[in-house]
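Please model the complete structure; the sequences and the hints are all you need to start from.
There are 2 protein chains.
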Amino acid sequence: MSKPRSLAVIDLGSNSFRLVVFSSADGWWKRTDEIHETVRIGAGLEATGDLQPEPVERALETLEMYAHFLRATSVDEVRPVATSAIRDAGNREAVLGAAKERSGLEIEVLSTADEAYYGYLAAVNSTAISDGVVLDLGGGSMQLTRVEGRDAREMRSWPLGAVRMTERFLAKDPPKPKHLRALRDHVAEALADVDWLGGGGHLVGIGGTTRNLAAAAELHAGLPSFGVQGFGLRRDALDGLVERLAELPAEERGKIPGIKSGRGDLILAGAMVVQGVMEAGGFDVLETTEAGLREGVFFASLLAPADPPLFEDVRRASVHNLAAQYGASEAHVGRVARLALELWDELASAGRHAGDPEERELLAAAAELHDIGTAIDYDDHHKHSRYLVLSAGLPGYSPRETALVGQLCRYHRKGTPTLGDFAALARKGDEELLARGSAVLRIAEQLERSRDQAVDAVDLEVSDGVAQLRLRAHDDVTVGRWAAERQRDIFERAFGLRLEISADGPARPAARR
Amino acid sequence: MSKPRSLAVIDLGSNSFRLVVFSSADGWWKRTDEIHETVRIGAGLEATGDLQPEPVERALETLEMYAHFLRATSVDEVRPVATSAIRDAGNREAVLGAAKERSGLEIEVLSTADEAYYGYLAAVNSTAISDGVVLDLGGGSMQLTRVEGRDAREMRSWPLGAVRMTERFLAKDPPKPKHLRALRDHVAEALADVDWLGGGGHLVGIGGTTRNLAAAAELHAGLPSFGVQGFGLRRDALDGLVERLAELPAEERGKIPGIKSGRGDLILAGAMVVQGVMEAGGFDVLETTEAGLREGVFFASLLAPADPPLFEDVRRASVHNLAAQYGASEAHVGRVARLALELWDELASAGRHAGDPEERELLAAAAELHDIGTAIDYDDHHKHSRYLVLSAGLPGYSPRETALVGQLCRYHRKGTPTLGDFAALARKGDEELLARGSAVLRIAEQLERSRDQAVDAVDLEVSDGVAQLRLRAHDDVTVGRWAAERQRDIFERAFGLRLEISADGPARPAARR
Chain A
1 MSKPRSLAVI
11 DLGSNSFRLV
21 VFSSADGWWK
31 RTDEIHETVR
41 IGAGLEATGD
51 LQPEPVERAL
61 ETLEMYAHFL
71 RATSVDEVRP
81 VATSAIRDAG
91 NREAVLGAAK
101 ERSGLEIEVL
111 STADEAYYGY
121 LAAVNSTAIS
131 DGVVLDLGGG
141 SMQLTRVEGR
151 DAREMRSWPL
161 GAVRMTERFL
171 AKDPPKPKHL
181 RALRDHVAEA
191 LADVDWLGGG
201 GHLVGIGGTT
211 RNLAAAAELH
221 AGLPSFGVQG
231 FGLRRDALDG
241 LVERLAELPA
251 EERGKIPGIK
261 SGRGDLILAG
271 AMVVQGVMEA
281 GGFDVLETTE
291 AGLREGVFFA
301 SLLAPADPPL
311 FEDVRRASVH
321 NLAAQYGASE
331 AHVGRVARLA
341 LELWDELASA
351 GRHAGDPEER
361 ELLAAAAELH
371 DIGTAIDYDD
381 HHKHSRYLVL
391 SAGLPGYSPR
401 ETALVGQLCR
411 YHRKGTPTLG
421 DFAALARKGD
431 EELLARGSAV
441 LRIAEQLERS
451 RDQAVDAVDL
461 EVSDGVAQLR
471 LRAHDDVTVG
481 RWAAERQRDI
491 FERAFGLRLE
501 ISADGPARPA
511 ARR
Chain B
1 MSKPRSLAVI
11 DLGSNSFRLV
21 VFSSADGWWK
31 RTDEIHETVR
41 IGAGLEATGD
51 LQPEPVERAL
61 ETLEMYAHFL
71 RATSVDEVRP
81 VATSAIRDAG
91 NREAVLGAAK
101 ERSGLEIEVL
111 STADEAYYGY
121 LAAVNSTAIS
131 DGVVLDLGGG
141 SMQLTRVEGR
151 DAREMRSWPL
161 GAVRMTERFL
171 AKDPPKPKHL
181 RALRDHVAEA
191 LADVDWLGGG
201 GHLVGIGGTT
211 RNLAAAAELH
221 AGLPSFGVQG
231 FGLRRDALDG
241 LVERLAELPA
251 EERGKIPGIK
261 SGRGDLILAG
271 AMVVQGVMEA
281 GGFDVLETTE
291 AGLREGVFFA
301 SLLAPADPPL
311 FEDVRRASVH
321 NLAAQYGASE
331 AHVGRVARLA
341 LELWDELASA
351 GRHAGDPEER
361 ELLAAAAELH
371 DIGTAIDYDD
381 HHKHSRYLVL
391 SAGLPGYSPR
401 ETALVGQLCR
411 YHRKGTPTLG
421 DFAALARKGD
431 EELLARGSAV
441 LRIAEQLERS
451 RDQAVDAVDL
461 EVSDGVAQLR
471 LRAHDDVTVG
481 RWAAERQRDI
491 FERAFGLRLE
501 ISADGPARPA
511 ARR
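Chain order of the listed sequences is A and B. Note that the numbering used here numbers the first sequence so that position 445 is 445, with each residue one more than the last. Note that the numbering used here numbers the second sequence so that position 458 is 458, with each residue one more than the last.
There could be a bad hint or two in this list.
Identical copies carry no separate label here, and so any pair may be met within one copy or between two of them.
As the list claims (entries may be wrong) - Using 27 Å as the maximum straight-line C-alpha spacing, the simulated DSS-like pairs for lysine-lysine come out as follows:
| hint | residue 1 | residue 2 |
| --- | --- | --- |
| 1 | Lys-30 | Lys-428 |
| 2 | Lys-255 | Lys-414 |
| 3 | Lys-383 | Lys-255 |
| 4 | Lys-30 | Lys-414 |
| 5 | Lys-383 | Lys-414 |
| 6 | Lys-383 | Lys-260 |
| 7 | Lys-260 | Lys-30 |
| 8 | Lys-30 | Lys-383 |
| 9 | Lys-260 | Lys-414 |
| 10 | Lys-176 | Lys-260 |
| 11 | Lys-383 | Lys-428 |
| 12 | Lys-428 | Lys-414 |
| 13 | Lys-30 | Lys-3 |
| 14 | Lys-428 | Lys-176 |
No lab work stands behind these hints, which were simulated from the structure alone. Since we're looking at a predicted model, the values are computed, not measured.
Set out below in structure tokens:
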């Protein structure tokens, strides 16, 4: 295994500075470190046009700390990038000079087009969006990007960031109705002439505001929460949230579960900007992603020279990434996946289920990931696999889909499949989907019990309430057949069929060699 | 990192056959695979003196499967060992020959002394026992070993295994009081002349019976369960459990939470044998370990040429083992551990807490393990660290201690320390212990925020409700000082002292290099 390569992206935003270290090697990547400071370098900018001395001093101290950290941890490459607040400040050159002097860091100031581009890369590489709009709301500015066939077609930036809008419209705490109205009108006016907005479609949101709003909505709805990746924030839920936020002073807003305490003052203005975009564009749902500008900068480096630097298939990339990080034996996992899908396909052909391609994709993902928990411990590794899936998340999948993949991993051995804690995320039929997937995955795992890939393929014939499973094999399959037969109960519960297994191929030669 | 070395131990017991693969490298070891079959090769042995054809055929099929598995997974070394049932059977040579013929495996039949020795190695290498008795109860036989200064001083074996006792005394289902009385008398008589039993002391139990009894008692008491390692099964809890078991038919016994369904018929006889040992020896508590014969065989190989092959300090070995498996940066972790312990020691010297050495050891363990969760993901790595501690367990520590180490890891960053789900395991004062440990660990972590080991040591002076923390440093510590100062609240809550931090050493030179 080659040594991982590390890239530190420092994102100097108007509200917070964030240093994120990404590591990558051999087909996987992950965040391996993160330092976050609520610097608020943009404080006072809206009123004066300049970055103010106190925020600048906080910024310089933070950059000094980052420089220390980077020297101590030997990161391969560093990319410090600044956005709206620094970009738009009258005294920007003086601040950049002081930053270089104090920390040694050469900061790259992103243009609005650069900033939108990295946001677009983050969104399209972490969700399944093909056509729609990416909303990137920061402390200083907001970017919207029109996406068609995964390409960025139109881009525009507005100085509608949460810090700025708070300072300009909601300085009074709590704000009065007329302040709210003024902010709402301001946003609507700014967006009125965007001819490529409107008519709804797929909207993806990035940035701390949308993450906090999604977390609050998720908790308010009593849904199990393992992050907000892929969460769909509905317009009506957002409207309700804005109503609650508008009645509270800033400090109380930060106590709403899901809203970070340091964001209590900004969240209302941010939420209303998002509302304005959903209104102007006719969007019913905002899909949240945990990726942002920093991931965009990283993806540009990871996926170069592809142009644009996009994963071919985000959902497959997510699954492969997890499998490569925690991967167990490829030969074993690959064979289990193939046998499980064959069995599932045969049962669809026999009319025992609808053969829904989305269900098949979830099964394929679970088959690839079912053993990753062995990286934690062999004991209870089925539960560890679920823990890893839920902890890392699967960008491109919704929370419901991620939970189903996790439960399929969980039930690839031991126990009776149930939606358990995830019932609140489920749709009608998901209990049966889980029963089917767990059953075929478990049969496939047992056919590979001896881990020697002796079973090459399976055929299935269904008649009179009996499923005749025929194993095609190049080696003795006594073991796998015997082990799989002991999973008849779970199979019968899932498909209402009695399972009988027979085998082609040599009998017991391997054992007598 | 060197390639891990693997050893497969096959334990051919009277009740079940178990293949366990252990891997080890660079200071860590773990179970990496396991196959378990309830073969019951001993069924019918008690009545006839011979292994019976049906159980033998099940055994041979299982061994064939294991042979397949071993060929497919390329294990470095294989040790198949047989215990009581095969050892004592009239037809043992024929069965061993058939096993060799069908599977190619050469089975080593352990003498009762060997069997007791491996059980002793398992117990002394997975608990903190120094003087006491190891009880190893299998399907065929039971071994007791007298331990003094961690050495095995006396050993004896009895044919009192759970399968044998069930067949001989409890064949009627459910049994009648006279059957229970006969079993009880039989055990008491067998143990009557053991002059080194009696007077109580430390009793450690190994084997499936004790694991199941401990799990049932743990669940019955409503305790949070993350395995039974180190669980203390009290005599009164065991008596209650035996009473409940005796009223149920075998099938119902296997439905008691904690009792495996395949063990429902054997558990009552097994529980009564354990009861008999506790009675004869005057033991109040049985400490359970998850290690057994298989681990004993593995430890003999791992720890050779030490004689006896024992870890010098089981608790330290457990912590090191986890740290080496999932270890983060040694330089960083080592410095955080040192600073946390210094701070804790200084606070004890200043009379702010009692300086309990057990508390100090838990803090040291948590300091070494606090970052292991980064092996899963940087995000929420404090929670992942706890998950790994609880999942893997810490042999030598009680469940309460393991939970406290887990909570200390959890609260090394973010959140307000609380016992949470583990309150039921806690003792008086544990909430404060956790508050103290979390506070010093978090201060130490923040002093190492830039991960450059700039802070060499700390001094503390306490007066007038203020803790003056002086940092001794060889490099600029602006960062660490600033970061640690932001943890004043958690420090003040834990110690009732306002924290002030000052620094010796160079000012900001590193940042200007």
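Hint check:
Taking identical chains as interchangeable, the C-alpha atoms of Lys-30 and Lys-428 are never at most 27 Å apart, the minima being 34 Å within one chain and 42 Å between chains. When the C-alpha separation of Lys-255 and Lys-414 is checked against a cutoff of 27 Å, the pair qualifies only between copies, where the shortest distance is 15 Å, while the shortest distance within a copy is 41 Å. Proximity of Lys-383 to Lys-255 under the C-alpha cut-off of 27 Å is restricted to the inter-copy arrangement: shortest distance 22 Å between copies versus 33 Å within a copy. Taking identical chains as interchangeable, the C-alpha atoms of Lys-30 and Lys-414 lie at most 27 Å apart only when they sit on different chains, with a minimum of 21 Å there against 31 Å within one chain.
Taking the closest pair of Cα atoms, Lys-383 and Lys-414 come within 27 Å of each other both inside a single copy (10 Å) and across two copies (25 Å). Taking the shortest Cα distances, Lys-383 and Lys-260 sit within 27 Å of each other only across copies (18 Å), while inside one copy they are farther apart (30 Å). Taking CA atoms no more than 27 Å apart as the test, Lys-260 paired with Lys-30 passes inside one copy only; the shortest distance there is 24 Å, against 40 Å between copies. Taking the closest pair of Cα atoms, Lys-30 and Lys-383 come within 27 Å of each other both inside a single copy (22 Å) and across two copies (17 Å).
In the homo-oligomer, the alpha carbons of Lys-260 and Lys-414 lie at most 27 Å apart only across protomers (12 Å), although the nearest pairing inside one protomer, at 39 Å, exceeds that limit. With identical chains, the CA atoms of Lys-176 and Lys-260 are at most 27 Å apart within one copy only, with a shortest distance of 23 Å there and 64 Å across copies. Taking the shortest Cα distances, Lys-383 and Lys-428 sit within 27 Å of each other inside one copy (24 Å), while across copies they are farther apart (33 Å). For the identical chains of this complex, Lys-428 and Lys-414 are intra-copy neighbours only, at 24 Å inside a copy versus 38 Å across copies, given an alpha-carbon limit of 27 Å.
For the identical chains of this complex, Lys-30 and Lys-3 are neighbours both inside a copy (14 Å) and across copies (24 Å), given an alpha-carbon limit of 27 Å. For a Cα distance limit of 27 Å, the shortest separation of Lys-428 from Lys-176 qualifies neither inside one copy, at 44 Å, nor across copies, at 51 Å.
The structure fails hints 1 and 14 (numbered hints given earlier, in ascending order).
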